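Chains as they are written, first to last, in my numbering: chain P, 387 to 871; chain H, 387 to 871.
These are computed hints drawn from the structure, not numbers from a lab.
Keep in mind that this is a model prediction, so the values were computed, not measured.
There's no promise every hint is true.
[Said to hold, decoys possible] Covered stretches of chain H, as calculated for chain P (at least 3 residues, CB under 8 Å):
| id | stretch |
| --- | --- |
| 1 | 442-455 |
| 2 | 507-515 |
| 3 | 525-538 |
| 4 | 711-722 |
| 5 | 733-740 |
Glycine included, every Cβ here is placed at the ideal spot set by N, Cα and C.
2 protein chains.
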Amino acid sequence: MSSVVRGSQLVRLLDRWQSIRGPAGTRLPDYAALAGTVRGLVRDGRLALGVRLPSERELAEALAISRTTVSAAYRELRESGHLSSRRGSGSWTALPEGHRIATSGMWAPTDELDVIDLGCAALAAPPELTTAVGEALADLPRYSGGAGYHPTGLLELREKVARGFVARGVPTHADQIMIANGVQHAFDLILRLLVSPGQPVLVESPTYPNVLAALQAHRARVSTDNLDPRTGWDPDMLLGALRSGRPTLAYLIPEFHNPTGHLMPVSLRERLPAAAHRAGTDLIVDESFVDLPLGAASAPAVALFDRNARVLTVGGMTKPYWGGLRVGWIRAAAPVIARLSALRVAVDMAGPVLDQLVAVRLLDRADEVIAARRIQLAHQRDALVGALREYLPGWTFTVPAGGVCLWAELEAPVSTALAHAAHEEGVRLAAGPSFGVAGTLERFVRLPFTLPEDDLTEAVRRLAAAAANLDHSHPRERYAPALVA
Amino acid sequence: MSSVVRGSQLVRLLDRWQSIRGPAGTRLPDYAALAGTVRGLVRDGRLALGVRLPSERELAEALAISRTTVSAAYRELRESGHLSSRRGSGSWTALPEGHRIATSGMWAPTDELDVIDLGCAALAAPPELTTAVGEALADLPRYSGGAGYHPTGLLELREKVARGFVARGVPTHADQIMIANGVQHAFDLILRLLVSPGQPVLVESPTYPNVLAALQAHRARVSTDNLDPRTGWDPDMLLGALRSGRPTLAYLIPEFHNPTGHLMPVSLRERLPAAAHRAGTDLIVDESFVDLPLGAASAPAVALFDRNARVLTVGGMTKPYWGGLRVGWIRAAAPVIARLSALRVAVDMAGPVLDQLVAVRLLDRADEVIAARRIQLAHQRDALVGALREYLPGWTFTVPAGGVCLWAELEAPVSTALAHAAHEEGVRLAAGPSFGVAGTLERFVRLPFTLPEDDLTEAVRRLAAAAANLDHSHPRERYAPALVA
């Protein structure tokens with residue numbers, strides 16, 4: 387087991403565990419409340435699967451409760467399949483039988499026919515996929531005579547991606563592009579190259595949960611720059627965090643930020659690369675959503691203002707095209723690209739040739755695919771906004787100008803409880819705290835608008851029912867004291 | 387930079403650096419000999435790209451030479467593009483311009499039209515690939531309506547792989563199978579789950595170089611079990627290494643071992659899982675070559691004798707089918723599979739849907755594809771054996787009973803020098819030391835027979851020329867004292 391959670395860390399995650407309630411608001415015995423809270427942490431991904439928990443003695447001391455209570459809680463978790471033990475190796479979080487790993491990294495029951503999945507912010511494939519695969523099939527003979535290993539990616543795809551940057555005004559040669567198996571893979575490769583355990587990494591709060599998971603896996607020391615839900619980045623705060631924290635790496639999502647949807651203003655983009663350089667910080671700029679403005683808003687790439695090869699730009703096919711196509715990319719200085727490619731020998735050798743050929747053919751059709759996506763997403767966003775205003779008028783949000791998500795502020799810091807209640811009503815939801823560190827963001831929830839309009843409206847109806855039940859069984863004051871970012 | 391080589395480690399790798407010679411056997415100044423040796427280590431992959439070298443002062447002390455000499459060597463390496471520096475961050479190994487990362491993880495000039503690549507033991511795609519892709523295109527609509535993320539792999543492929551194990555007599559349910567992006571990726575995921583930095587891992591010597599690279603990246607403490615080039619495993623040695631070393635993990639290639647081609651005897655297979663269990667060791671069994679016996683030889687799967695869920699079996703499409711198709715798998719206990727799938731959220735989310743559909747359709751045709759592969763490989767092996775006996779009669783080897791490689795013993799421990807000389811003659815070669823740790827195995831070279839027969843014969847002719855030049859310019863006694871495993 388490579389991942390261990392210490393007693394003090396688990397205490398932070400458990401937060402107000404004694405306040406959780408049974409059906410109809412009944413008070414639970416301590417052991418059941420503790421077990422239930424751990425289960426919730428595993429379900430919403432804040433406690434990863436396969437993480438070793440502290441010993442019963444250590445956790446009892448950290449929580450200042452009796453070891454008998456912790457023993458009983460661990461026993462219940464073992465019986466429900468959420469904890470595995472092996473003598474001499476301790477106990478680690480596990481997946482109960484009959485559950486699967488869901489698309490969002492959360493686990494979910496295997497059979498959930500009527501569940502609407504708002505955990506995953508991804509679209510179905512565009513109709514052009516079929517044509518592109520047919521064309522890729524015709525292209526395949528150019529590669530099938532070789533061994534099929536292309537650690538940096540197929541040159542024709544790297545050239546096409548480079549031309550995409552050039553079209554946005556960012557001079558780019560194919561040597562500066564590496565193809566990865568999606569954006570998450572690109573991020574993991576960069577972490578392997580640039581970050582050692584214990585080094586400081588700056589991220590936005592909220593941010594993309596799977597990046598937090600990767601940083602945890604690499605044992606980085608994470609610090610956050612808080613985004614205002616209404617106005618986005620505070621330039622002085624962000625530049626100050628670079629200056630004072632001197633992080634090894636900073637990870638930012640300036641293009642229709644996930645989950646808030648904000649677009650970083652030009653004035654901040656202009657200042658970022660130089661500030662990063664002065665702080666000795668390499669800057670990962672995630673452009674997953676750059677092709678998906680839902681209005682007129684757009685801004686020049688951050689890489690355009692980079693004079694010191696400090697910016698690594700990541701992007702890919704996942705969000706605008708399809709998640710089942712594992713194609714992402716990294717734009718960086720040519721020597722960095724060479725080092726990233728060389729790393730892959732120890733990681734996964736190379737990416738799939740066929741997916742890369744399909745990506746080339748889809749990018750040939752970028753104009754039509756993206757235009758249709760933007761229309762589709764704008765309609766779906768409007769349906770979601772309309773349903774929220776009708777059924778949950780107390781929730782507040784900024785209508786996002788692009789991307790695929792809306793970041794809603796609840797009337798109270800009850801996001802985790804809401805996610806549990808929503809699950810009962812048939813909606814899977816990523817609670818606010820998944821998007822941050824240390825259990826803050828309980829006042830927020832991310833609502834992707836990647837599903838059809840009818841599903842979104844029905845999901846909001848169910849969320850309204852869940853929220854109403856929650857108000858009934860969990861008096862609001864119980865959650866009041868939480869500090870929310 | 388996450389990877390650092392300490393002075394003492396580099397000294398071990400540099401070995402007898404003062405003995406390397408210039409053109410026609412001329413003696414080189416120390417700085418040039420040092421720079422040339424570092425270049426050689428980078429070229430054959432023993433020193434990875436992006437590894438930070440010790441400071442000039444530290445290396446000078448470790449080698450007991452003047453700092454001026456080290457400074458001059460580093461300067462030469464910087465000028466030739468093999469070293470990058472940034473003020474305050476030290477110097478790390480790099481890729482000179484105009485070179486690319488080759489399939490084997492070694493780097494190579496970008497334009498090598500007439501070079502025969504024996505560095506890479508992989509076949510061109512089988513003709514059935516085209517049909518399989520066409521069928522996968524028809525299957526795609528079953529998945530393209532969803533988000534496309536399947537972290538454990540498509541169920542239909544997992545079921546097909548499970549049936550393959552069942553057909554070999556190993557009871558297996560789809561819950562025990564996870565699909566990864568090739569065998570190397572499977573291995574990396576397992577390391578992430580099971581091995582922490584500093585933990586002991588046992589591998590064979592020789593073994594697969596990219597596994598050594600992954601173990602180095604995870605900072606595992608590697609120990610080796612030496613294979614006899616003629617007879618393979620010594621059961622008492624291997625079981626004793628488990629008993630006394632109690633490694634966290636052992637990685638073995640019992641099915642036509644890479645690079646030696648040996649098939650592990652049944653009697654040892656029977657004893658391995660229980661011995662691993664007693665030692666507290668999880669056992670990775672690499673079955674990359676299990677489908678490629680080139681005669682009648684075969685043996686029951688190691689997993690068949692596993693009573694304690696200690697065996698993780700990895701295999702995939704890469705070697706029998708095509709490396710451009712990134713599909714591998716892991717067979718393990720269902721809870722381990724669930725934990726491995728959950729890990730991917732932080733690594734790469736999921737694998738390509740299309741490649742998995744192609745794999746299903748290729749496995750439908752396994753009988754015809756594999757039968758043709760075995761005939762092809764047997765012919766190519768025989769061509770290689772014939773050429774070696776004709777042109778290099780002093781080299782000795784066991785004719786492999788399966789797999790895609792032959793492990794030849796040279797007349798002297800000159801493998802690295804031979805690889806350099808071979809490159810001059812137009813053959814890329816992975817020198818013996820790439821397959822082991824700490825610079826041993828200089829007496830051996832791996833010769834894959836994955837290329838067409840004429841190419842293999844021509845490659846051996848060129849190797850004979852390289853070996854003859856080597857005998858001329860590098861008197862044998864200079865290499866004599868090396869201890870070879």
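Residue count check for the stretch 507-515 of chain H against chain P: does it reach three with CB-CB under 8 Å? Holds: 5 residues of the stretch 507-515 of chain H have a Cβ under 8 Å from chain P.
Verdict on chain P covering the stretch 711-722 of chain H, where coverage means 3 or more residues with a C-beta closer than 8 Å: holds (count 4)
Count the residues of the stretch 525-538 of chain H whose Cβ falls closer than 8 Å to any Cβ of chain P, and tell me whether that reaches three. It holds: at least three residues are needed, and the stretch 525-538 of chain H offers 12 whose Cβ sits within less than 8 Å of chain P.
Three or more residues of the stretch 442-455 of chain H near chain P by CB distance under 8 Å? violated (count 0)
Claimed coverage, the stretch 733-740 of chain H by chain P - three or more beta carbons nearer than 8 Å: holds (count 8)
Hint violations for this structure: number 1 only, all remaining hints satisfied.
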